[in-house]
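Chains as they are written, first to last, in my numbering: chain B, 16 to 296; chain C, 16 to 296.
Don't read these hints as lab results, they were simulated from the structure.
Every residue gets a Cβ at the ideal spot worked out from N, C-alpha and C, and that includes glycine.
Possibly wrong hints are sitting among the right ones.
Stated by the list, open to error - Pulled from the structure, derived: some chain B residues nowhere near chain C, Cβ distances all over 10 Å:
#1 V28
#2 R33
#3 G41
Unchecked claim - Cross-link-like lysine-lysine pairs, in silico, BS3-like; alpha carbons within 27 Å at most:
#4 B:K273 with C:K217
#5 B:K23 with B:K197
#6 C:K217 with C:K42
#7 B:K291 with C:K147
#8 C:K42 with B:K217
#9 B:K23 with C:K147
#10 B:K252 with B:K149
#11 C:K23 with B:K58
#12 C:K147 with C:K252
#13 C:K186 with C:K147
#14 C:K147 with C:K217
#15 B:K23 with C:K23
#16 B:K197 with B:K186
#17 B:K58 with B:K149
#18 C:K149 with C:K291
#19 C:K58 with B:K291
#20 B:K273 with C:K23
#21 B:K149 with B:K42
#22 C:K273 with C:K197
#23 B:K23 with C:K186
#24 B:K186 with B:K291
#25 C:K291 with B:K273
#26 C:K197 with C:K186
#27 B:K58 with B:K42
#28 B:K58 with C:K291
#29 B:K291 with B:K58
#30 B:K147 with B:K273
Number of protein chains: 2
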Amino acid sequence: MNMWYTEKHSENVGITMRVSETLFSGKSEFQQLDIVNTLEYGKMMLLDGLVMVTERDEFVYHDMLVHPALFTHPSPRQVLVIGGGDGGSIREIVRHPEVELATLCEIDGLVVDKSVELLPSMASAIDGQHPKVKLHIADGLAYIREHQNAFDVILVDSTDPIGPAVGLFEKDFYRLVHGALKADGIMVAQSESPFYHAEIQKNMYRNLRAVFPLVAMYQAFIPTYPSGLWSFAFASKRYHPLRDFQRDRAARRNFHTKYYNEDLHSGAFMLPTFAKENIAE
Amino acid sequence: MNMWYTEKHSENVGITMRVSETLFSGKSEFQQLDIVNTLEYGKMMLLDGLVMVTERDEFVYHDMLVHPALFTHPSPRQVLVIGGGDGGSIREIVRHPEVELATLCEIDGLVVDKSVELLPSMASAIDGQHPKVKLHIADGLAYIREHQNAFDVILVDSTDPIGPAVGLFEKDFYRLVHGALKADGIMVAQSESPFYHAEIQKNMYRNLRAVFPLVAMYQAFIPTYPSGLWSFAFASKRYHPLRDFQRDRAARRNFHTKYYNEDLHSGAFMLPTFAKENIAE
C-alpha cells in the first residue's frame, strides 16, 4: 500500500509519512482517534487528524515533560498528569523511586483503552496493574477543583489549544493547578512551537506569570511536531529549575533516558533569541 | 499555482512546502541548482533537489556555523569559509569587528552568481564590494593545500556527503584543514542530523578525532532540514568551546542575532543522550 499521511503545519508547509496500515479509527465523545502504522516512525496516534505520538520519537516528549520537574523537586511523591492518555508520561514518572502515587486524569477513555491495546510500549504502566498508578477518566478541571493542595508535581500533557484542551491554556485553569499543588509544587505543561506559535506562547506565558512566581520555558526537539522545535512551560511555587536542580540525583538515576541527561537539563533552558522574545515580559 | 515541493528525508518521511514560482533552474558543472519561492519559508535554494537554505530559517544555520567559533577564538582575524556560496556565513563573519579578512572558497560559481542576483539578504557581503571579503571560485581542497598555516578559523559550509562535498568528510581533508589553521586555530563543519545520520556522524567524528586534539558536537534546530535537529562539529587545536568561550565579548556584541546568544552558546553543547551515543569514542 503506497499511502501517505500529510499533516499540514500551516496552509503552506507540512510533514508527510508513509503509512502501511490503519490499526484503529473511531470517534469518541470528544474527538477523532486514529492509530496507524508508519514505516519511518512506527505506530502513530492521531487526535482530530494531528500527530500526538509516534513510537520512534515519543521518548523525547515524555523524557522532557517528566524528568526536568521530577529532578528539580526534592521529593516528588504525589504526581498528577492531566491528559496523556497514551501513558508515556506515567511510564516515565514511575521510574522515579521517590514517587508514591502517579495519577492520570484523562478526559477520553477511548484514548486510554486503545493505547493499552495497541501502544503497549507507552501504555505499560496504565493497564490497571501498576501498584503506584491511579487512573481517572474525568475532566481535568473538575478533578483538580476537588483535589486542592494535593500534589507535588502536576504535568499538563495536553493537545493543542483547540478542541477539548482549549481550557488548559487559560488563567482560570492555572489558578486551579496552583491550588492543587502543595506549597512547593511544580507544574509543567507542553507549550507549543516557538517557531510557529509565537502568539499562543505569548498569551500562555502571560497567563502563567499572573499565577506562578517562577515561570521559565525550556525546549526539546521533536521531529514529528510542527517545525521540530517544541517547548515546555516550567511554572513553580518555590524551586528554580536550574538553581534547585538536583543534579547528583539525576546523574545517579538507575534508568536509561534516550534524550534527557543531567547536562541537557540545563541546556534545555538556554533558548534561541527568537524564542526568548516570544515570551519577553 | 498549487505546486508543492516534497523533499524525502528517507524513503518513508519528508517535508512538503507550497511553492509559488521557480526563479531559477539550471545545471552547473557540479550540480543542479534551483531557486524557488515558497509561501511559508520565502525564497529557497535547492542543490541536486535538496533544501540548502530558505530565507525564513537560514538565520539559525548561519548564526550557529559562525558565532560559536568566532566568540571562542580570542582573535579571529583571518577566517575562511569552504562552500557557503549563498553568502550567509560571510555575512555573519564580517559582523565581528576582529575579522580582518573573510575568504570564501566556493567550488561552484553559479551558486554565488545566482545568490547575489536572487538572494541578496544572504549574499549582501559577497557581491564584490565588501572591503573585508575575498572570493575564490575554486576547489576547497586545492585552495587550503596552497594556504597552510594561514587561518584563525575555517568553517566548512558544505552540502551532505554526496556529490561535490563527499571529500569534505574525509580524514585527508581534515589533515589539510588542520595544516591551514594557525597553531591555535578552530574548524567548524556542519555535521548532519543526529536523528537520521548516526552512521555518517560516527565516521565523521572518528576522522576528526584522528586529526584534532579537541572535538565536540553542538546542535541547532533547523526546521527545513531532516528531522529539524542539526549538528555542527567543533574541532580545535587549543581553545575549548566552553572553557575558553569569550562570554563577555559575546554579550557585548553590537549586532542582533535571532538564534545565537551567550547563554545558548553553552546550551548548544548539551546534547541529547542518543546524539552523544552517536559519537561516543
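- Message: Need the list of violated hint numbers for this structure, in ascending order.
- Response: 1, 2, 5, 6, 7, 8, 9, 13, 14, 18, 22, 23 and 29
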